[in-house]
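Sequences and hints are given; from them, build the entire structure.
Top to bottom, those sequences are chains A, B and C.
Numbering-wise (this note's numbering), the first sequence opens with residue 1 and increments by one.
Numbering-wise (this note's numbering), the second sequence opens with residue 1001 and increments by one.
Numbering-wise (this note's numbering), the third sequence opens with residue 2001 and increments by one.
Calculated from the structure, these hints are not laboratory results.
Beta carbons are placed, not taken as given, at the ideal position from N, Cα and C, and that holds for glycine.
Each hint should be verified, as a subset may be incorrect.
[Stated by the list, open to error] Covered by chain C, per the in silico footprint, the following chain B stretches (three or more residues, Cβ under 8 Å):
| no. | stretch |
| --- | --- |
| 1 | 1139 to 1153 |
| 2 | 1239 to 1246 |
| 3 | 1278 to 1288 |
| 4 | 1312 to 1323 |
| 5 | 1354 to 1368 |
| 6 | 1373 to 1386 |
| 7 | 1428 to 1438 |
[Stated by the list, open to error] Sample of chain B residues facing chain C (criterion: CB under 8 Å; computed from the structure):
| no. | residue |
| --- | --- |
| 8 | A1019 |
| 9 | I1022 |
| 10 | W1186 |
| 11 | N1187 |
| 12 | A1347 |
| 13 | G1451 |
| 14 | I1456 |
| 15 | D1458 |
| 16 | Y1459 |
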Amino acid sequence: MAEQNSHYYVPAQSPWPIVGAIGFFLVAVGAGNLVAQLSQTGEAGWGRFILLVGFIILLVMMFGWFKDQISESRAGLHNAQLGVSYRQGMSWFIFSEVMFFAAFFGALFYARMISVPWLGGASNNAMTAEVLWPSFEAIWPLTTTPGGTTTQAMGYWGLPLINTIILLTSSITIHFAHTGLEANKRKQLTLMLGLTILLGMSFLVLQVEEYIHAYQDLGLKLDSGVYGNTFFLLTGFHGMHVTLGTLFLIVIFFRVLAGHFSPDNHFAFQSASWYWHFVDVVWLCLFVFVYII
Amino acid sequence: MNTLTETASHDTEHHHGPAKGIKRWIFTTNHKDIGTLYLWFAFIMFLVGGAMAMVIRAELFQPGLQIVEPHFFNQMTTVHGLIMVFGAVMPAFTGMANWMIPMMIGAPDMALPRMNNLSFWILPFAFLILLASLFVEGGGPAFGWTFYAPLSTTYSGDSTALFVFAVHIMGISSIMGAINVIVTIWNMRAPGMTWMKMPLFVWTWFITAYLLIAVMPVLAGAVTMVLTDKYFGTSFFNAAGGGDPVMFQHIFWFFGHPEVYIMILPAFGIISTIVPTFSRKPLFGYPSMVYATASIAFLSFIVWAHHMFTTGMPVFAELFFMYCTMLISVPTGVKVFNWVATMWRGALSFEVPMLFSIAFIVLFTLGGFSGLMLAITPVDFQYHDTYFVVAHFHYVLVTGAIFSLIAATYYWLPKWTGVMYDIGLAKLHFWCSLISVNVLFFPMHFVGLAGMPRRIPDYSIQFANWNQLISLGGFAFGLSQLIFLALVIKACRKQGEPVPAKVWDGAHGLEWEVASPAPYHTFTTPPEIK
Amino acid sequence: MVKKSPIILALVSLLHYSEVFANEAFVRSNINLRTGVTDISQQVYDLHMTIFYICVVIGIIVFGAMFYAIIFHRKSKGAKAANFHESIKVEIAWTIIPVIILVVMAIPATKTLIAMEDPSESDLTILVTGSQWKWHYKYLEHDIEFYSLLSTPKEQIGGQWIKGDNYLLDVDKQLVIPTNKKVRFLVTSDDVIHSWWVPDFAVKKDANPGFINEAWTKVNEEGIYRGQCAELCGKDHGFMPVVVEAVSPDDFDAWLANKKAEKAAAQAEEKRLLAMNMSKDELMSEGESVYMGYCAACHQQNGMGLPGVFPALVGSPITTGDVKAHIDIVLHGKKGTAMQAFAKQLTLKQVAAVVTYERNAWGINSGELIQPKDVHQLLQE
Ligand code: HEA
Ligand code: HEA
Ligand code: CUA
Ligand SMILES: [Cu+2]
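As structure tokens, this is what we get:
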């Protein structure tokens, strides 16, 4: 075991990256074809199969990659420096995710503070309102668009509030799962982790409920103008992240059951928990900016 | 698992070589292999993008429509821009980073070698999609590399979805690459390699990587909104639904402006490495170089709307963006002055890397000056979307970014291959490039000022003479790059004099302390930093 | 081949250049910004030159120093490298001095900008609307409106004919404005973003669909001023010129009166047409010219469109099916696509003719004739 004697650790070659690249390729081609076909003919063409295969390959890749990683780690091959690299890598990855959401929050703020008021004649746009949109009224939530599409706004009372409480609670439970792990209290760890997963799932169920409510009762749809757009894309991408986060936690849960992780070596657990906190913070911003004000 | 135990056990001297055959390149986790892959990929993309530029120049050789249809012309312009930016310049710098950063900071490899492989291998696929989209019905993207809505949404062809997903995955690649650079620099520096001892190339890349992880996700957001606007009925960029086409431009340029500095900061690092070597004098004002780089990066986030002066923003916004943009000249000037001061009273010699660096300093600064002129809002109303802008950005990109990459190649190629390249050819390449590139891009200032818009396949006759000259310069510049291609291939096949570890007598840095060619694994134990 | 042809080209054009440099056209061809014909454009020009000269001076100093070092501090001449590598004083100096230079530039720039962005107290307001690929002008106070299309013949573009003096810069109907009056432009678009640009006025404003931008000019000299669309707006972005004629206020009033009379005559003609039937030949020849002028840009001269971007009309369900649907899409376009509404742009007769043409050209020969009154009827519904 020469490499362990030296200070540095260099992982060996791996087939998984190229598998992943092919997976991404198929997903991109498949999704591209699917979307274009749907819009032209209303029917999904061969793209959906490619997309599916792509996703399966990505799953296989992740499974295989992490499996190798886990066995290497459990074989004691990784050194402390690699652990730090992983942690830093994960945190900067989360930062890039933050920036992804920032783009959509940016769109939300722009629509609220600039484009809608301008369409109503604010700033240097008096003529815009007068000539092009004489009957448009600039209010937020935008329940009637300049083009005349109408919708109702989503309040924050009820489901959204419950969901906020659920997510906040889940952040607390994951925290206690972590302290449990660090204190080597496996019971607390399993319990709290399981609770977090349940909370995550109930969040998702309620979110679906809310979407149904939006579509059926409020007429609030993806294409209901910029209010609906920002609402669904922000909550939708957030929901996708919750889904991923939950899956991540489930994997961790099984690893916990299998006896993985120790009080001082639990990078995967830690990153799942960071991810969960990140998803939670995004939701708080959403709740404030999308629902309340 | 097998591979792991195998390498770990049979290898007692730390110096196991690469795997054999094609597997070496596909499965590799070695920063040098991956760097090589990136560099070759970028070079091929440069040729492909260049070939498209040749189509553009051939069509513009004379007024009238001769060779291509306007719709195809627009595809050429668009894909030329996209390929050069995302396929040539960015991967080339990433390749340089992969090769040099671990060596420069005394690390064994990049911090996350497998992810490194993934970041690379996504790229060929992304560009395969982009290029293939040229052949679907209705053609590839034809809305400019800036894909302004609603031209890219409601009014675009069917291949737009492919374009969007291709950009998504190349974004994933860049983000992973950037994370790797950041983590490598934070975590893998050899003991003693303190922040303020890091070579400037490492510094500039470090800051560039932050720009990348901050803005590539925003680009992903922008293309996502284009996708939903086109295919799912949203109206982010549609006034009838309460959105605004100009919002697209804000989001795009919030990415796009930092993006142009992503393409120049590593170049600054390269020049700051080469100039001291051939001046035989330490870099003047190292700390101020670091601070200047950081200030440029910071300012780059608050100037984006200088691309949008004609969109009808309120005056106060125009003024704000004008002032901030002008301010960028100050830190950039500091860099230029520092390079000149480094040369001042040095013992200069003019090996090929130095020749390209000097050309860089002069011609980049020229491009910077035209940038400053563009920053002056009232005058930008005249310049905007004319060939004056095209001249500006080719000066900073071709004689800036590309020249710096060529300089870097001439500087480090002997280290990579272990042999000295054909210096005669290299000099020929330099002089041919230097002359033709100016014939190519300098007159663009003239036609631009005289009123020739960009992105047009045909122009009125008063621009004919200059365009002819420009096209000739373009062909000559394109051909000159074939010299470079030949030279690099020759060097890679080890045809040339073997070189010592320290190839240039004035060079400093850890990369010159390992043998040439650099061993497959550079440092297995941390080197000592003096 | 690849290698040879540019070399030959280079030789040929070298020959060519020796003639060209002496050529008058070359001397005329501008290499600098124009001063233009408004006070603002003059200010912009001055600003441009000021910054340019400042840059030249900085360039001379910086490169002067660099080339001095290159010439006198070279190793081959036995130069020994000094070892200094910092000096707080110079570094502060070369940070502060550029800031001062920038402030000096910013002051006049700010003044000019504020003047340019003040369209208030205008004498005349014109709504300028871009659409793929033509400009629409509407004189808001005078109820006059018209489209302005490129009028350079296809044959000149294709190279069959010699190119004229104002190649690509000619339109069928130019915008007419009075001199010495403050004219306000409200700029917007029907489809994608265009940009309305007249270099001689130093006016360039993006035409954003759904929003109105304002700009203004006050022209000092009579004359015809030419510009182009300055924002990529699709296939024919390069074929969307802007031509403005500035005339004295009196001539302008005369022009207005003339336009009004024309409009009344056109309305009378429409009425007359409603009561009669046009012959097939008449419809077809009129239809062809309308088709080539308005439709061929997208659907192509042979009616085959550009697959994937613009649909073929030959064999399309709409052109072979119910006439009503056909007329309807021409009149009202299709929302959310490049197919625009032509009701405003074409007369009843033109619509009837173009629909007839599309149903009988390219070997289709359905024999169906559409009359202006059919179109009129559909418009009423
Ligand atoms: C590597 C890429 C790169 C770099 C480094 C720059 C650098 C700069 N750019 Fe450029 N730019 C582009 C790439 C780049 N640009 C591209 C691709 C586009 C077009 C995009 C598109 O539309 O497709 C563009 C377009 C563009 C525009 C929009 C033009 C328009 O569309 O109307 C503007 C306007 O302000 C601008 C400004 C600047 C400025 C002020 C700098 C400054 O950073 C320059 C600073 C440098 C100097 C000034 C020279 C050195 C300084 C001194 C010697 C000190 C003393 C000097 C003074 C005090 C004057 N650029
Ligand atoms: C780093 C980026 C980069 C680089 C290196 C280049 C390199 C070149 N560019 Fe590019 N360019 C852009 C980035 C870049 N460009 C961008 C972002 C745009 C804007 C796009 C948009 O508007 O959306 C643009 C737009 C643009 C235009 C304006 C198009 C228009 O507005 O319609 C033109 C026109 O001349 C042009 C020309 C060239 C030429 C001649 C080269 C040359 O330097 C290329 C030289 C290289 C080669 C030629 C390849 C090597 C040779 C061969 C493969 C052999 C074949 C050779 C022959 C047949 C002679 N470019
Ligand atoms: Cu209209 Cu370009
Ligand atoms: Cu910029």
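Hints broken by the structure, by number, lowest first? Structure breaks hints 7, 8, 9, 10, 11.
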